[in-house]
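**Q** Residues per chain, in single letters:
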Amino acid sequence: NAGVTQTPKFRILKIGQSMTLQCTQDMNHNYMYWYRQDPGMGLKLIYYSVGAGITDKGEVPNGYNVSRSTTEDFPLRLELAAPSQTSVYFCASSYSRGKTGNTIYFGEGSWLTVV
Amino acid sequence: DAKTTQPNSMESNEEEPVHLPCNHSTISGTDYIHWYRQLPSQGPEYVIHGLTSNVNNRMASLAIAEDRKSSTLILHRATLRDAAVYYCILPSSGSARQLTFGSGTQLTVLP
Chain A
1 NAGVTQTPKF
11 RILKIGQSMT
21 LQCTQDMNHN
31 YMYWYRQDPG
41 MGLKLIYYSV
51 GAGITDKGEV
61 PNGYNVSRST
71 TEDFPLRLEL
81 AAPSQTSVYF
91 CASSYSRGKT
101 GNTIYFGEGS
111 WLTVV
Chain B
116 DAKTTQPNSM
126 ESNEEEPVHL
136 PCNHSTISGT
146 DYIHWYRQLP
156 SQGPEYVIHG
166 LTSNVNNRMA
176 SLAIAEDRKS
186 STLILHRATL
196 RDAAVYYCIL
206 PSSGSARQLT
216 FGSGTQLTVL
226 P
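First to last, the sequence lines map onto chains A and B.
For the first sequence, the numbering used here begins at 1 and goes up steadily by one.
For the second sequence, the numbering used here begins at 116 and goes up steadily by one.
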């Protein structure tokens, strides 16, 4: 009963380093999302995907890249890490429910600090 | 996309009902109203959603005004575990019907 699994849970990066946050889901959901949440703030959408091979930008895509080669996996790549990318990152997935909007299932989060 | 407005914070006593309000005056006729909550240091979790009529599930009830410009999430007996940030959300018109999270309402439950 894994749901949405993110790794790593905690990471410290130095400025200019790169890394990939991994996300996998076992619910066969076609939609996947990456959000970031800064302290005391709501979640902001970075990128999303409506299916394998299809990705699109959210509100705050700068400094990030994604790929979706399989239904299960949706990794988020940080290139040239900056202190402004210090945040908690949440991966999420859902299945299409048409006009009702999708019930979204979230992972437990990845805490990233850039120093 | 339609926006929602919620109070920044609310307090409740343990084992008493809690009514969390949300205004969405620009809601369209086909928008469902979704509620999520986020416990400390966790990802958000789905609570409930509805379109026009009141909805109930094991976690909460959702009361939707007749003109749909506001709604209220009702927790029937608040417990300490219900202390969280509660988000009232309308899905976007984007291809993934993604959810845009505002700052929500921080619910404090007093023992």
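It cannot be assumed that every hint is accurate.
Derived lysine to any residue pairs resembling SDA-like cross-links, with alpha carbons at most 25 angstroms apart [what the hints assert, rightly or not]: (1) A/57 / B/197; (2) A/14 / B/167; (3) A/57 / B/178; (4) A/14 / A/3; (5) B/118 / B/196; (6) A/9 / B/147; (7) B/118 / A/37; (8) A/14 / A/103; (9) A/44 / B/192; (10) A/44 / B/198; (11) A/44 / B/142; (12) A/44 / B/128; (13) B/118 / A/5; (14) B/184 / B/167; (15) B/118 / A/103; (16) A/44 / B/207; (17) A/14 / A/52; (18) A/57 / B/223; (19) A/44 / B/182; (20) A/14 / A/30; (21) A/44 / A/5; (22) A/44 / B/171; (23) A/44 / B/191.
FYI, nobody ran anything at the bench for these hints, they're computed from the structure.
**Q** So, for every hint listed, does it hold in this structure?
**A** Right, here's what the structure says about each hint:
For the suggested pair residue 57 of chain A and residue 197 of chain B, the alpha carbons sit about 33 angstroms apart, so the restraint of at most 25 angstroms is broken. Restraint check: the Cα-Cα separation between residue 14 of chain A and residue 167 of chain B comes to about 50 angstroms, which exceeds 25 angstroms; the hinted pair is violated. Between residue 57 of chain A and residue 178 of chain B the CA atoms are separated by roughly 34 angstroms; this puts the pair beyond 25 angstroms, and the hint is violated. Note on residue 14 of chain A and residue 3 of chain A: the hinted pairing is violated, with a Cα-Cα distance of about 31 angstroms set against a maximum of 25 angstroms.
Proximity of residue 118 of chain B to residue 196 of chain B is assessed by CA-CA distance (about 28 angstroms); at most 25 angstroms being required, the pair is judged violated. Taking the CA atoms of residue 9 of chain A and residue 147 of chain B, the gap is about 33 angstroms. The hint is violated against a cut of 25 angstroms. With a C-alpha separation of about 19 angstroms, the suggested pair residue 118 of chain B and residue 37 of chain A falls inside the 25 angstroms cut-off, and the hint holds. Restraint check: the Cα-Cα separation between residue 14 of chain A and residue 103 of chain A comes to about 36 angstroms, which exceeds 25 angstroms; the hinted pair is violated.
Restraint check for residue 44 of chain A and residue 192 of chain B: the C-alpha separation of about 31 angstroms exceeds 25 angstroms, so the hint is violated. With a C-alpha separation of about 22 angstroms, the suggested pair residue 44 of chain A and residue 198 of chain B falls inside the 25 angstroms cut-off, and the hint holds. At most 25 angstroms may separate the alpha-carbon atoms for a hinted pair to count; residue 44 of chain A and residue 142 of chain B meet this at roughly 21 angstroms. With a CA separation close to 31 angstroms, the supplied pair residue 44 of chain A and residue 128 of chain B exceeds the 25 angstroms bound.
Taking the CA atoms of residue 118 of chain B and residue 5 of chain A, the gap is about 30 angstroms. The hint is violated against a cut of 25 angstroms. This hinted pair checks out: residue 184 of chain B and residue 167 of chain B have alpha carbons roughly 11 angstroms apart, not beyond 25 angstroms. Of the supplied pair hints, the one linking residue 118 of chain B and residue 103 of chain A holds, its CA atoms being roughly 18 angstroms apart against a limit of 25 angstroms. Restraint check: the Cα-Cα separation between residue 44 of chain A and residue 207 of chain B comes to about 13 angstroms, which is no more than 25 angstroms; the hinted pair holds.
With a C-alpha separation of about 32 angstroms, the suggested pairing of residue 14 of chain A with residue 52 of chain A is violated against the 25 angstroms cut-off. Taking the CA atoms of residue 57 of chain A and residue 223 of chain B, the gap is near 35 angstroms; set against the 25 angstroms cutoff, the hint is violated. Proposed proximity of residue 44 of chain A and residue 182 of chain B is contradicted: the alpha carbons are some 29 angstroms apart, above 25 angstroms. Among the hinted pairs, residue 14 of chain A with residue 30 of chain A is inconsistent with the structure: their alpha-carbon atoms are about 34 angstroms apart, more than 25 angstroms.
Of the pairs offered as hints, the one joining residue 44 of chain A and residue 5 of chain A holds, with about 19 angstroms between alpha carbons and a cut-off of 25 angstroms not exceeded. For the given pair, residue 44 of chain A sits about 29 angstroms from residue 171 of chain B by alpha-carbon distance, which is inconsistent with the 25 angstroms threshold. Taking the CA atoms of residue 44 of chain A and residue 191 of chain B, the gap is about 30 angstroms. The hint is violated against a cut of 25 angstroms.
Checked against the numbered hints above, the structure violates hints 1, 2, 3, 4, 5, 6, 8, 9, 12, 13, 17, 18, 19, 20, 22, 23; every other hint is satisfied.
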